[in-house]
Amino acid sequence: MPSLKDLRLRIVSVKSTRKITSAMKMVAASKLRRAQSAAEAARPFAERMERMLGTLAGSLAGQAGAPAMLAGTGKSDVHLIVMVTADRGLCGGFNSSIVRDVRRLTAELIRGGKTVKILPVGRKGREQIKRDFGSNLIEGFEGLGRKGITFPEADMVASKIVAMFGNGEFDVCTVVYNRFQSAISQVVTRQQLIPFAVTAGEDKSGELKATYEFEPSEEEILATLVPRNLAIQIFRSTLESQASEQGARMTAMDNATRNAGDMINGLTIKYNRSRQAQITKELIEIISGAEAL
Amino acid sequence: MAEKIKFELVSPAKLLISESVDMVVVPGSEGDFGALALHAPMITTVRPGVIDVHNDGKVGNRIFVAGGFAEVNEVRVTVLAEEAIPVADITADMASARLQDAREAMADAKTDAEKAAADQRMLIASALQAAIH
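For the protein sequence lines, the chains are V and E, in the order given.
According to our numbering, the first sequence is numbered sequentially starting from 1.
According to our numbering, the second sequence is numbered sequentially starting from 1.
Keep in mind that the hints were calculated from the coordinates and are not lab data.
Treat the hints with care, as some may be off.
Now the in silico label distances, taken between C-beta atoms and shown as ranges [what the hints assert, rightly or not]:
hint: 1; chain 1: E; residue 1: S126; chain 2: V; residue 2: E219; range: 24 to 30 Å
hint: 2; chain 1: V; residue 1: E108; chain 2: E; residue 2: K115; range: 23 to 29 Å
hint: 3; chain 1: E; residue 1: K6; chain 2: V; residue 2: R100; range: 41 to 47 Å
hint: 4; chain 1: V; residue 1: A68; chain 2: E; residue 2: E104; range: 32 to 38 Å
Model, not experiment: these values are computed from the prediction.
Ideal placement from N, C-alpha and C gives every residue a C-beta, glycine not left out.
With the sequences and hints as input, model every part of the structure.
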């Protein structure tokens, strides 16, 4: 049976925890708004880039000489997984759901006899995966976009991937990130970057199907466009991930605040009960003491 | 000019411009070209330089771009720019700071890749400088 003083101290401490979590929730909510609009603002570029690349790939289809980054190396022995997580915790299942998916993917690939390399973006993911697949980890990136990720930062990640690909260090590249759906729902998404998976489906071919002219040549444009596209895709996934992180944190902190509130109510009831019990006990003691005289 | 062409300028961070205009002059890597409505479809790379937007026979908007890609077809010009700054917002200080940075990068560059990157920055910086004159 905890004493009254203990109970009082616990209530105070839970109250201050609640203050912290509710403040974190507010912060996450305001950051979410910013991250969400950034993620939405980046969509037009990625879409148009994809359209252009689709046109190019379409006109090059069947021809030899397409860059390896678009068509693949023809092998799939070494896989590179780019794992996009947050640098900070306290955001519910955000990081661990990514890690869980990467872990599953890695195990699957290893069972299939492939070599796997994991490039972590974000501190939390690296820490969590180190235990199981530490030997597959390669040097990654941390502390990106403390104030919202910028394109040059994403470009840095992309150029590392391009350089690795140039050295023949991997054949297939997949990025795993949380796609932002709403503040309460984030979807773990795997997206293959190399070889470029032409997203079929949304084909606005009704608009125009003219043959394009290329300046300088298809190959030269592709040689610059493909790495650019990679950077854009990385940029987009980090933006989405960042919006998701804030969303996940907001929800997690909202829950924590509510739980703390419940706990305070429970503790307060317990405190009042034991306070009354003590008063009653004292009264009985006084009365029975008086009667004994 | 009755026919207008839709001009879209997008940078990785956002959609900057989306409007109907008479003509846009884009600094293509193989030379500047003006795109009017009913232009033949083409895709080209863009070198660092200034895009001129023409409206009613006058140059309306001038935007500096640091390279990218342009897609032109009968009804639309899409420019994917890596960086875009309205010329009116460029200051002489900004341009010279960039040039200084590029020079330093050039001096520090050791590998071929670094040299190429520094070269590119140099190009952008000098185009920026040229844009304000």
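Now for the hints, and whether the structure bears them out:
Separated by about 27 Å at the C-beta atoms, S126/E and E219/V satisfy the suggested range of 24 to 30 Å. The beta-carbon spacing between E108/V and K115/E, approximately 42 Å, falls outside the hinted interval of 23 to 29 Å. The hint said 41 to 47 Å for the Cβ distance between K6/E and R100/V, and at roughly 45 Å that hint holds. The hinted window of 32 to 38 Å between A68/V and E104/E holds, with their beta carbons roughly 34 Å apart.
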